[in-house]
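Colleague: Chain residues, written in single-letter form:
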Amino acid sequence: MPASSAPPATPILPRAYRRLRRMRWPAVVPFFAFLAVCFGIPAGTLAYQAFMVVDPATGESSPGFDNVGTALSGAYATGLLGSVRLSLLTAVLATVLGAVIAQAVVNSRRSALRKAIVSASGVFANFSGAPLAFAFIATLGTTGTVTRLLDLSRTGFSLYTFTGLVLAYLYFMVPLMVVTILPALDGIRTQWREAAASCGATRGQFWRHVGLPVLTPSLLGGAVLMFGTAFASHATAAVMTGSSVPLITIQIANALSGNVLVGQENLALAMSLNMVVIALLVIAVQIPLQRRSNRWLA
Amino acid sequence: MAGLKTAAPPAPAAGAERPAPPARPRTARRRRGVGSLFVLFLAAAYFLVPVAASLWFTVDDAGKGISFDAYAKGLTDDGLATSLLTSVLLGLATVALGLLLMVPTLVVVVLRLPRLRRLVEVLCMVPLIVPPIALVAGVSTVLSWEQELASTPFYRTFQLLQNKDFPLVLVLIYTVMSLPFLYRSLDAGLRAVDLRTLVEASRSLGASRTATIYRVVVPNLRSSVVSGAVLSLAMVLGEYTVATVLGFEPFAVWMVHVGEYEAQLSVAAAMLSLLLTWGLLLLLTNIAGGRARNRRTTA
Numbered sequence: 001m002p003a004s005s006a007p008p009a010t011p012i013l014p015r016a017y018r019r020l021r022r023m024r025w026p027a028v029v030p031f032f033a034f035l036a037v038c039f040g041i042p043a044g045t046l047a048y049q050a051f052m053v054v055d056p057a058t059g060e061s062s063p064g065f066d067n068v069g070t071a072l073s074g075a076y077a078t079g080l081l082g083s084v085r086l087s088l089l090t091a092v093l094a095t096v097l098g099a100v101i102a103q104a105v106v107n108s109r110r111s112a113l114r115k116a117i118v119s120a121s122g123v124f125a126n127f128s129g130a131p132l133a134f135a136f137i138a139t140l141g142t143t144g145t146v147t148r149l150l151d152l153s154r155t156g157f158s159l160y161t162f163t164g165l166v167l168a169y170l171y172f173m174v175p176l177m178v179v180t181i182l183p184a185l186d187g188i189r190t191q192w193r194e195a196a197a198s199c200g201a202t203r204g205q206f207w208r209h210v211g212l213p214v215l216t217p218s219l220l221g222g223a224v225l226m227f228g229t230a231f232a233s234h235a236t237a238a239v240m241t242g243s244s245v246p247l248i249t250i251q252i253a254n255a256l257s258g259n260v261l262v263g264q265e266n267l268a269l270a271m272s273l274n275m276v277v278i279a280l281l282v283i284a285v286q287i288p289l290q291r292r293s294n295r296w297l298a
Numbered sequence: 001m002a003g004l005k006t007a008a009p010p011a012p013a014a015g016a017e018r019p020a021p022p023a024r025p026r027t028a029r030r031r032r033g034v035g036s037l038f039v040l041f042l043a044a045a046y047f048l049v050p051v052a053a054s055l056w057f058t059v060d061d062a063g064k065g066i067s068f069d070a071y072a073k074g075l076t077d078d079g080l081a082t083s084l085l086t087s088v089l090l091g092l093a094t095v096a097l098g099l100l101l102m103v104p105t106l107v108v109v110v111l112r113l114p115r116l117r118r119l120v121e122v123l124c125m126v127p128l129i130v131p132p133i134a135l136v137a138g139v140s141t142v143l144s145w146e147q148e149l150a151s152t153p154f155y156r157t158f159q160l161l162q163n164k165d166f167p168l169v170l171v172l173i174y175t176v177m178s179l180p181f182l183y184r185s186l187d188a189g190l191r192a193v194d195l196r197t198l199v200e201a202s203r204s205l206g207a208s209r210t211a212t213i214y215r216v217v218v219p220n221l222r223s224s225v226v227s228g229a230v231l232s233l234a235m236v237l238g239e240y241t242v243a244t245v246l247g248f249e250p251f252a253v254w255m256v257h258v259g260e261y262e263a264q265l266s267v268a269a270a271m272l273s274l275l276l277t278w279g280l281l282l283l284l285t286n287i288a289g290g291r292a293r294n295r296r297t298t299a
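Line by line, the protein sequences give chains S and X. Going by the numbering used here, the first sequence opens with residue 1, and the numbers climb by one from there. Going by the numbering used here, the second sequence opens with residue 1, and the numbers climb by one from there.
Hints were generated in silico from the structure; no laboratory data involved. Backbone N, C-alpha and C fix where the C-beta goes; we use that ideal spot for every residue, glycine too. Hints may contain errors.
Which bits of chain S does chain X cover? Going by a derived footprint, with three or more residues having C-beta under 8 Å, they are [claimed, not checked]:
#1 101-107
#2 223-234
Simulated restraints, written as ranges between beta carbons of each label pair [unchecked claim]:
#3 X:V122 - S:T190: 32 to 42 Å
#4 X:R209 - S:L212: 48 to 58 Å
#5 X:Q147 - S:L212: 54 to 64 Å
#6 S:K115 - X:Y71: 29 to 39 Å
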């Protein structure tokens, strides 16, 4: 481990101190260098090339807003809206369901049950992408076990739709919400309930006037996390529905692989830039909230 | 932002010392317990049905009853072994690189450069804002410069990065993607102990710098290193987006390719991946839990 020079226990000479000062930098330089090369160059390229328009006739590129314009119109606007809609819906559902399940875990007061649920949530929160898509295809797909068992095809249900995606996304988002919100729910002190109860409050009143206001920042923070997770998801939808549900992530992947038209790399970059902007806007909501939540639940 | 989903490690110890439940009328307590159990039962159904249905899908042979053909095929399929090995190696390389970058940086930042703490935190969280698909869009553009660099020494680097047998470029991207959760678990570990005081104590008791690192710093960070490593490993094993856009075939991509003609085999592979995740996280809780127990008995 380079240059983890321990701090001097006693005051030392200025010159030796300067030597020590220099020695601590080698440990952090690789980190910054790595980020600059492996994150900075791709991200910089993304931001720069999104504004470069390639002339199809000459192959020359010049600065312009054509890609960004195209990425915000027509089928691509539908895809972006579809992604935002799917992420919003799943984020709200996952936040509510996750909080209800987590509260049920807190209420049950059985430590073995709690342990089992926490570790199961950890597993299912990580079970996303292609494997999740296959599990759902095997369950609710055209020849899926449950589809055949309950004869779902007669009811007009299809997994390869917006609804199907919501069902699949919730499968990893709800457990993620459970593990995220559990610490906050544990922070609701029993004394607060007792105090409310001895003032004559019902359970509903307790939650409306004490519980939810204290939890609001954590719940919103969780919702932002859920939105970001759903918004960035690509594999689950790509494997399950292909291009039948318009989503921005799938359109980017298609444009990159030249499935639609050759030479759309810069359009893919412009779409990616739009995603980054939306993610930034959503995350910006969370930062001031986090501070408030920490004050109460610390 | 997909990395976020692993950002919250299971908190086994939380709530261990919850105060006793308040006295309430018996019927109300019972009703509440029933409601909670009902919610948990519904949740269990939603989460277990797809697993059970998938397992049944892999062994159900239309008209012939149960058959384990899919598993037999999987065992003899070269693609499975190769792609899984690639994924595991990519995962281990990612973990190694991530830890090599993060552990010294964070330790030095805590001990010597506290001014940089905020900057390092922000930098580690930035990959969350750029979704994997956007990151790989940037990377594939950079990689497309390969032809223009044909006459420079960079050309060899580019070829090395995209070596089909062991795509180093994936290791680099996965390391970027795993920075947020490596940072979170290491930061939690560093906050839990007062490393600066411990190091000062160790130094003033006469321990050398190396002894301090190996006997004070490393043992205190072990469980957070393990949890960060396991979460990155789980992420890499299931990663599909980046690998497929860049045209490589680790485990998840193989699973999708094979699904085009062998549906049962790919579902069996999906279950294998669930089992792997489960095993990895079980390992994590055991190691972390074991550490906590040790500390309690020696304290």
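Colleague: Where does the structure disagree with the numbered hints, that is, which hint numbers, in rising order?
Modeller: Violated hints: none; all satisfied.
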